[in-house]
Every structure is written in C-alpha cells, then in structure tokens.
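Asker: Here's the letter readout for the chains.
Protein chains: 4
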Amino acid sequence: MINVGLVGGTGYTGVELLRILVQHPEVNLKVVTSRGEEGKPVADMYPNLRPYTDICFSVPQLETLSECDLVFFATPHGVAMEMTPDLVANGVRIIDLGADFRIYDTDEYSKWYGIEHTCKDIMAETIYGLPEVNREQIKDARVVGNPGCYPTAVQLGYLPLIKSGVVDTQNLIADCKSGVSGAGRQAKVGTLLCEASESFSAYGASGHRHLPEIKQGLAFANQNKDVGLTFVPHLTPMIRGIHATLYAKLTDTNVDLQKLYEEFYQDEHFVDVMPFGSHPATRNVKGSNFNQISLHRPQDGDTIVVLSVIDNLVKGAAGQAVQNMNIMFGFPEHTGMTQPAMLP
Amino acid sequence: MINVGLVGGTGYTGVELLRILVQHPEVNLKVVTSRGEEGKPVADMYPNLRPYTDICFSVPQLETLSECDLVFFATPHGVAMEMTPDLVANGVRIIDLGADFRIYDTDEYSKWYGIEHTCKDIMAETIYGLPEVNREQIKDARVVGNPGCYPTAVQLGYLPLIKSGVVDTQNLIADCKSGVSGAGRQAKVGTLLCEASESFSAYGASGHRHLPEIKQGLAFANQNKDVGLTFVPHLTPMIRGIHATLYAKLTDTNVDLQKLYEEFYQDEHFVDVMPFGSHPATRNVKGSNFNQISLHRPQDGDTIVVLSVIDNLVKGAAGQAVQNMNIMFGFPEHTGMTQPAMLP
Amino acid sequence: MINVGLVGGTGYTGVELLRILVQHPEVNLKVVTSRGEEGKPVADMYPNLRPYTDICFSVPQLETLSECDLVFFATPHGVAMEMTPDLVANGVRIIDLGADFRIYDTDEYSKWYGIEHTCKDIMAETIYGLPEVNREQIKDARVVGNPGCYPTAVQLGYLPLIKSGVVDTQNLIADCKSGVSGAGRQAKVGTLLCEASESFSAYGASGHRHLPEIKQGLAFANQNKDVGLTFVPHLTPMIRGIHATLYAKLTDTNVDLQKLYEEFYQDEHFVDVMPFGSHPATRNVKGSNFNQISLHRPQDGDTIVVLSVIDNLVKGAAGQAVQNMNIMFGFPEHTGMTQPAMLP
Amino acid sequence: MINVGLVGGTGYTGVELLRILVQHPEVNLKVVTSRGEEGKPVADMYPNLRPYTDICFSVPQLETLSECDLVFFATPHGVAMEMTPDLVANGVRIIDLGADFRIYDTDEYSKWYGIEHTCKDIMAETIYGLPEVNREQIKDARVVGNPGCYPTAVQLGYLPLIKSGVVDTQNLIADCKSGVSGAGRQAKVGTLLCEASESFSAYGASGHRHLPEIKQGLAFANQNKDVGLTFVPHLTPMIRGIHATLYAKLTDTNVDLQKLYEEFYQDEHFVDVMPFGSHPATRNVKGSNFNQISLHRPQDGDTIVVLSVIDNLVKGAAGQAVQNMNIMFGFPEHTGMTQPAMLP
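Chains as they are written, first to last, in the working numbering: chain A, 11 to 354; chain B, 11 to 354; chain C, 11 to 354; chain D, 11 to 354.
If you're looking for bench data, these hints aren't it; they were derived computationally from the structure.
Accuracy of the hints is not assured; some may be wrong.
Same chains, same names: a pair is fine if it fits in one copy or spans any two.
Said to hold, decoys possible - Derived pair list, reagent style EDC-like, types lysine to aspartate or glutamate, alpha-carbon separation capped at 20 angstroms:
| no. | residue 1 | residue 2 |
| --- | --- | --- |
| 1 | K149 | E343 |
| 2 | K259 | D312 |
| 3 | K259 | D178 |
| 4 | K173 | D312 |
| 5 | K130 | E92 |
When you get a sec, could you build the whole thing from the sequences and use the hints?
Answerer: Here it is in structure tokens:
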C-alpha cells in the first residue's frame, strides 16, 4: 500500500481519479485538497463516492502532502509548478495531470500558456508520461507530466506511421472531436447543456494549446525532426470521449499498415488495434483506459486515415495517471482498472 | 470458481451481465447463447469486451448449459419457462432476468403477458429475487425470479413506509421515469435517437406490465393486504437510470421518517439512504448496483414524497442478478461490483 | 405596426422573444437592453439572428423605452418592479415575463421571493396573463404578469376538472418535468452539460417558487377556495419542454371527462386536447405555442391522470407573452406564431 | 397557389417538408402518399401537425398525382425513377429529394447505388438543384435532383476556393459530422438512442455514396477537371445538423480569402459568411435553411480550413427542396422559410 494525495479534487479529472483510487487495492487515499471546499466531505460534492469514502477536502499543506509517497495534481496550469519543488525535495513523487510538466521547451510553454515556467531545473528530469513511449523512464521518474487528452489520442494514432517513416510528416491533419467534459467543471456559459447539446462546432481552429504538445511528441517519434500538423478540435454533444480522425499521405504504399500497427502495439495492454476498415466508437472505451485504433485507405489511394478513440477522462487523464503510478511503484499496469468500458 | 451460462446475450441486460461477469473473480463464463448470432464473437457485437473475452455466441443446448452451476436467462418472457424445468432437473440453478418467474399468481401473469404459464410447479418453489426482502430464501433457491427495474426502485422506496404501517396504502402514487435502455435493444422506431432524445413522455399510463409485480411486492409487505397504487412510467431522454417519485398520505405524522429508513436499511450494502430533503440524481448510481433514497415532506404536510433512484440495467437487472448469484453461492454480496458509479 | 422594447435580452426567454418578434408582421423592434452587453450586436450573442437584425444591446433608459407602445421584461424578479411605474405613467404597456406581477398577494410574493413588493398599487390593476382564463381583461390591461412555465402547464391541465367540481381539490399531485432551459442561461455548475445530461433528478421537492402561483390560479378556478397541492419539479436531460403529470381523485366517476376537456377548450387555438388514453410528447410542441393535453383513468379507478405538455420557452414564456401582446393590440392571437413544432 | 403532392411522407425529410408546406402561403397540399400508412391521418404519425392538417396518407396513384403542379419525392433511391416519366409526360414538375436524379453519370450512379438507372433520357434534362450554382436552369426545370446533405455543406464550403483556383484541388480533405436524423427514420439498431447517443464514430470511411455527388459538383466548379477528395463522414450524437470541416492547401497565399467568400455569396439569401476566424455551430441554423461558413488559416500557414454548417433536414433536404420549388414557380426564394433557427 502506498499513501497517495490529490491536489485539486473538485474537477472532473479529480473525481475520475477518485473513482479509480477509492477501490485501488494498493492505494491508501490520504489527502484530497480544495481551497474552496475545505472541510466538506468529498462525497457531498460527488454522491457516487458516498459508499466509498468519508474523506473531506482540506487545504493543500506541504506537511500533510509530504507524508504521501505520491501526489497527483489535477489543477489548472501553474499550480503544480508552485508546490512541486518542495514536495520533490521531501521525497514525494509527482504526477501532474495539468500542463506544467508536459512541454520540455519552457519558452514554448510560456508562449502558449501565458505564464513564466518556474521549474526549469525540474523540467530537465521530468518524464512525459505516455507509457507506450516512455515506460522505462517512468519507472524511476520523480516527476511525470501526464499527457493531455488530445495529445494522447493523436500520438497513439500517428506513432506507428511516423516511426516507420511511411508518410509525409509535413502534411498531417488531425481532425479531433471531444466530449464536453474536456472543458472541465467550471461554470461557463459555453458548456451549459442548453449551449453545448444538440449542436456541434469547432473551437480553437486557429490555434489550440495542445498543438505544441502533440508536435513535440510527433517530432520525437520523427527522429527529432519537426512535423507539419494542422490540428482542429471540435466540441461534441456528449460527456466523455475523444475521437481523432487522422490523415496522412503515404510515401510508401506497399507497406502492410494493419500488420505495422498490430506489431507496434502487440505488447500494449491498453491499446487495441481493431480490424482494418472498422470504425471504433468512443463508447467502446467509455470509463475505461483503453485506446482503440482502426485504419482505412479510402479508394485504395495514397491517403491513410487513422481512427483513434479514448475516454478523455481516463486514458486522456486520470486513467493514464494511474497507469503511470502503477509503473512508478511496480504494480501491474492495469491494477485498479480491470473493468470493461460501460456500454451502453 | 463456478461455471456460468448466459441464455440471451445480445440484449442490454445481457451485455451488462457480461460487463460484470468477465471480471468477476469467482466466475468462469462457460457459454453465451444467441440463436441469431451463432458463431459470432461476443466482442464483435460489444467491442467494449474485446480485451476481455474471445467467447462466441452459440445456440442454446441443454447439454452444454447443464455443465453450468448457474444459468442466467436474459430473454423475453416465455423463453426461460421452456428450458428451466430440464435444467433444474439436471441440477442447474437458474436466475431469470425476464418476467417468467416474478409473479406468483400465474393467472395474473397470463393476464398481463398474454401467454400460458407452463411452469406452475416450479413457481411453487421459486424465490422473488429482491435480496433486501428475501435474502435468506435466495441462499438455497434453485430458481430465482429477478425483479423488474421499476418494481425494484418502487418497492425499495415504499417498503419501510408500508411495513411500518404509517401510510394510507390505498392511495399510493408512483410516478416513475426510466432511461431508454429499459426498452431494450430491439430495432424500434420509438426508441431511435431522433424519436426519444430531446423529448419526454409518459407511456402505458393506463396499465403497464410491472404493475402486478409491484402490487404483489407491496401487498406482501402490507401483511398480504392489497394496496391501491397508481403507477405511471415515463420515457426519459437518457440511456440509463430510473427515478421513482413516490407519494403517500401519512396516517401517522409523528413518526421520525428519516430514522425509520436509516434503521430499515442499515445493514444493506446496496441501499444508501441520503440526508432528509436531498435529491438523488440517477447519475449518482450509473453503472453501479446502488439504490439511493431520500425523503421529503412538502410544507410539513401529511404527504410524504420518497425519491428512489437506481441504474435500471444494474440494480434493476444485471447487477441484482449478480447480487443474487453471490448470495446463492456464498460469495460476499458485492463481489464483482466494487466500482463506484461513473460520474460524470 | 407597434414599437416594441425588450428589457433583458440576453437570457433564453429573451432570445426566444427575439426569435418570434424579428419576423412578427406587426412589430417594429425598437430597443433591446442589456447592461452587460451594451453596444454589442444582439446577433453576435445569438448567431441564429444574424440574417434578421443588426440591432445592438443598449442600456435600459426610460426615455428610449417610453417611445415604445409595449415593453417586455425578460428579467430576474425585482427588475420589472423598478421601471414599470414610470413606464406606465408614460403610457407604455408592460408584459413582465418575470415573477413580479404574477402573485396578487404581495406578502406571499415577498415570502417566496425574499424581497419587498414595491408596486402594490399597480398590482391592483395587473392582469395575470393566462389568455385561456383572462382573455377579456388582458385586452385592455396596462400591465400583464406573464405566467411561469410550470404554472401554465399545470393550470391548463387541471382547470376543466376543478371548474367542473368533479375532483377532490384537497389532494392534488402535480409531478412535473422540465427541460434545462427553464433554469436560464446563467453560468451555473448544476446546468452544465456534464452535470445535467444523462441524469434525472427532482429539485425543490420541499418547496418551489411556482407553488404559490399555481395554487392562486387553481383557487381562482375553485371559486376562490384554496386547493391542496403537492408539486414536485424534476430536471430532465433535454433543452426544451415541460411535461406535467397531474393526479386527482374523482368525486364523480360518471362524468365524460374527454367531452369535458374538448368542450372546455373548443375555442382555444393553442390548446390541443388529444384522444383519450394517448401520450403527448414534449417534442410535439417544441418551438411552438401549443399545449397538448391527454387523459387517462388507470384500471378505470377513481384516479384521473392528466398529461399536459408545453415548450417552457414558448407557451411557458415568450410565446405566451406574444399571445398576450396580440390580444392587447387586437392582432389575431397566433400572429407571428404560425409555424408547427419542430419534429424531430 | 399551386397544388403540391408528396410521395413518401413518413420519413424525416417528408415530415420536414410538411412542416414547411402546411404554412407556405402559395401551397395547397393535395396529396401525401405512403403505401404502409394508407388512410391514416398524417398528424397521427406526426402530432406536431395536428393543428395544421387533416390530410391522410394515400397510396401513390398516377391520376391523383397528375393533378399536382409539383410532386416531391422523399423516398429511397429507385422509387422516383419509376413514376417520374409518367408524371413528367402529364406535365407535372418533379423535385426528387432522393438520389435518383443527382448523378449525371448513370454508370457511376449504378456503381454506388447498386441498381440500374432507368431514366437516362430524363437525366439529360435534369437539373442538379443547388440554387447557388444552378439557379437559372432550375427556373425552367421539369425535373430537379435535390442535393444530398453532405454534398450541400461541402460544395458550398469549397466552391469559392475551387472556382477561384487558389487551392490544390488534388488534395482536398472533407471531415464531416452529421446528426442522426441523416440516417432516416427506419428502425435500425445502430441509430437507437442507446447506441448513438453519448458516443461518436466515423462510418463509411472507406467509401460513402455521397462521394461521387460531391466530386461531380467540385469537378464542375473546377472547369470539369476531376478533384482529389478524401471524404470521411461521422455520426454525431444529436438529431439535426451537419458540420463540414474542409481542408485545402493554398497555391496562392496572397489572396484575401474572407473577401473572396463574402463577394462570392453576397447575393445569396441563405449563405451567411461569418467573420474570419469564427466558429459556426450547427445550432445556429437548426430548423432554418441557412448555411453558415467561416474561414481559418492556422498559424498563417498554407492550409486553409473552411467550416460549413447546415441543418441536414432543411438546407440539406426539405428546405432546399422548397427553395427550388420557390425558384421554379417564381415565388420569392425564402417564401415559407422566414423563421430564424431555433436557439437554444
């Protein structure tokens, strides 16, 4: 059993972490923080947890958090940077579900997030927490930057193509669709049911914060050569799920693409390569940590279409964070995440 | 480990049973039948199960099913009656999620379901599988009639009031709302997304098949005296969940109703009595086997309002069936159902 | 053509009024006010109006509003009371879609809305704007209090029963379900898509502000004798629509209830009595000003069930307000509201 | 007033046509046919029409239909081909909302629709009913092939780019999202609420019947040179709306794209070019015949992104058909379609 703390337990990634952690056999949930809800039982805000925990929100304190083996940050960008140095100094390992430790180029971080990066030294040792890419380094990491939801779906979908060098990496198009929970639990007019349901629209089409994170991951797979990527996110009238529709031009049309993907992911528990020409639905992975991928080659032309789906709150956030925790502490990678997706 | 069979694995209660059973630590899933889908992998129809099972649908055969310790029927009414006698004779225990073994009065059954009851002898030993009422008899039952979704929500909500004799049992009103999955997976115009979403309506207001089942259970609680009940079900534009709003006239206005409910259910793992005056939402129990109940007494008058919510596919069907299985085979009652509801 | 002003054009009742008014053949839309959005084109906030109007939000000013023949208030309670006296003094007629002019008993108003009523003199001449009840008085009214959404659906459903004296008026139960737009356009966590969709719950079960308004209307129909009413509202995961399920005990079981309703509403353009035993769906009236009603008598007992549906934003707010305007200015009652409901 | 008939009145495009036609000032609705529903009042199937028409479904007969000035076909492909020759011979003008008269190359039609084209002679005089392209020819057309929903959204979005020759027409990508009503009203498992809501997926990614229609229109705009197009449709959990996200490589990066679009559509009543960089939502046009378009140029690169939204049942089907009718009979083009979209 390890002692675990959660900073920022009121948002959707926070409650999703709690949904998994309260029944994780190796986890003792020691502290859940919220400045605004201090003293309130977590289960009052999230009644689905009533039968599982009596823990109350507390204000984040270095002393209490330092008693944990691991602290998750499910906070807006900027928050994790403040507390991480002291916690690390006290021997606490960190998984940040926010954006502070995702982008190695801290100038790029500042450009997109509009604040100074105050942990440049820690960034030097931080590991980007995409297990399918960095599993070995995650094992011993002190600080893990948990990937964003779009970057997870897009990178897992593109990696085999880019690593094998069979597509034109300068003309990638990622048309992505996300459920509304990706926008978080803050009270905003735009995500009211009456605004976001029965409608579909793009947003941030001219530039979205996940773009530099995606390009960083794809460039890494591309032998550190930049890729050319157009990324357009869309808001979809549903709670959970991301569907990435990925387009690329084949430079080699003779490769067996299905074989390429099946072999690339054959040892990955949470990546499911479906039969060629199938259509994964986001509901296939709802509430689970799985990523489903399928391939299409319309009219047998030189355009490859990759369909990649995840649950944005699980593999796109809390589930991947627990997967990283399991790796960091030597638990089987799917511990605490053994249930199938909920369908229907 | 017990060997378990499922007859009728293609409907929503069937896939929900599979979602629970594929990761139940005491269950070996031996056979899943479907006449229409013979030979097809179950996971082709339900891709959420791809990482969990390779089992294929087979046609129901007495021989194969007889190798099971327990067989679930998730079939339309009439089907379970055909095979149950032979299976019981072969020592197989039965849990029927359909209607065949719910109503002890077989004439009443025929009146509402329009077919002859062909297992009258077996009905004599059948146990109505509401664990909170019949736990002891369920332990040794050979045949369990798993309750309907509305009857579960309504009975659990009314039982403490009726058993304690504090309400007028001749003027009960149960206004119930169900998600669309209650209507099943058959292709019907009425449950198309374009028909059932963004709309709300009652159905069967003049008489619904769950009425006799509810009245049977409430009469049993009422020392076998009939109750007067008006039951109006409504179709709600969501996938899962039942919300029962129950009205009754208090004949004793001095009783501590909250205390009555908390004590009545204090030993029940799956019944959660919420604070007086709260409002349980169906999402609090989505995907879980819990029933949440709260009480209201508008303007401190003599009308008591009970709010009772369940997931119609779990506590209203598959989860309650697994709860019954756990009781029948001596497993802890919540085995295989340890995860919190999925919120959001 | 009449000059019309709208105070509070940013909420859902405001935009619904604009949707009707911009193509109303007798209306010249002169001013739309919003303190927060001054100078912004209305169509920037509501792009569905882009092809229809260039009008911009302005701050409410007595001078400008006084140039109107009619001013609608689509504002939170309290706002209309402030400006109405001066506007009436300047000869402007008023329709308040808020609550300020609905409840004749100003003490009752203060009790439920928590503020002093500052227009007691004007209340003396105010007409409650339910055309099916007060059409004649509305014609010459200077100030009309436009009914709330629940009160419209419940009163229209109960009126024939109560006026004809065939039910026990001391034991009425109104179980009501509303779409989320009834909660308005303010940014609140509770009405986010991720909170309100895929879930169903009651709210205000112990007491809701529409209760005194409903009881006032039913008492008026009951020869000014109070009625006993239990009213429980529920939040339904859809944008528009109210479904009222109304229960009453028949004191006379020989009356032809269907005939009673058909004759009672035979001259009403916007009330549609459906065949006995049918089930109106809220989508049948979505976007229209119609109210559909049907009757049920379960098991031919002494309980009558009335199903009454409206679009909460139209007959429950903006459409009824335009209906009142048409009556006040002598236009055919359905002018500007000639389109059928949008189905699907 | 003209006499109008509708063949196939039971589907969603049929009822949408009726929603518009029953209040169209120039239309006398003479006959609505359905073989399956003969004799049944149309309003029994579509209760939103109860206050508007008593017309009953009848079986399609040449004699009755020949009394009409215009007959709409809202039928599956193949049906319109059967009756059109005789009706045309009797002087009846035809608008087919199905696919029979959309594709000039009848071999291509047969390849995608799997049936012989039996009206090759009539195809020679048929006009493809996209008013923004063929308005002049539509005026005198005897037979109009009403465009499909995807082809309307994609063509209107791409036309200015292709006609002006500023993009690489060999590498177009159209990522399209449709509401579920596009799949029609047939009872199919895939479009049940429990299958299609709270999920998102692509379909027909390897080839969809609308592809040849889109390529025909774009080639026509491209001086009859073929275009290279990848078209991936997706099913979106909402009733109405199509959102086309269109990608193209600029061959000329100096052109003022916004000016190009605004001038191209300056005289089009139903095409609304929004400000550069905005994001049209499908709800902006729900229930209306408008098409909203906006442009993006991510990171000021050489990729142009066009966002084009319509209501698939209106501008994508019934509304465009009425627009064509208005053109054919000399009515103002927006007659009967004067209401703004319904928002929320």
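Asker: Next step is simple, just say for each hint if it's right about the structure.
Answerer: Here is how each hint holds up against the structure:
no., hint, verdict
1, K149 to E343, "within (11 angstroms within a copy, 37 angstroms between copies)"
2, K259 to D312, "both (6 angstroms within a copy, 16 angstroms between copies)"
3, K259 to D178, "both (6 angstroms within a copy, 14 angstroms between copies)"
4, K173 to D312, "within (18 angstroms within a copy, 25 angstroms between copies)"
5, K130 to E92, "within (12 angstroms within a copy, 57 angstroms between copies)"
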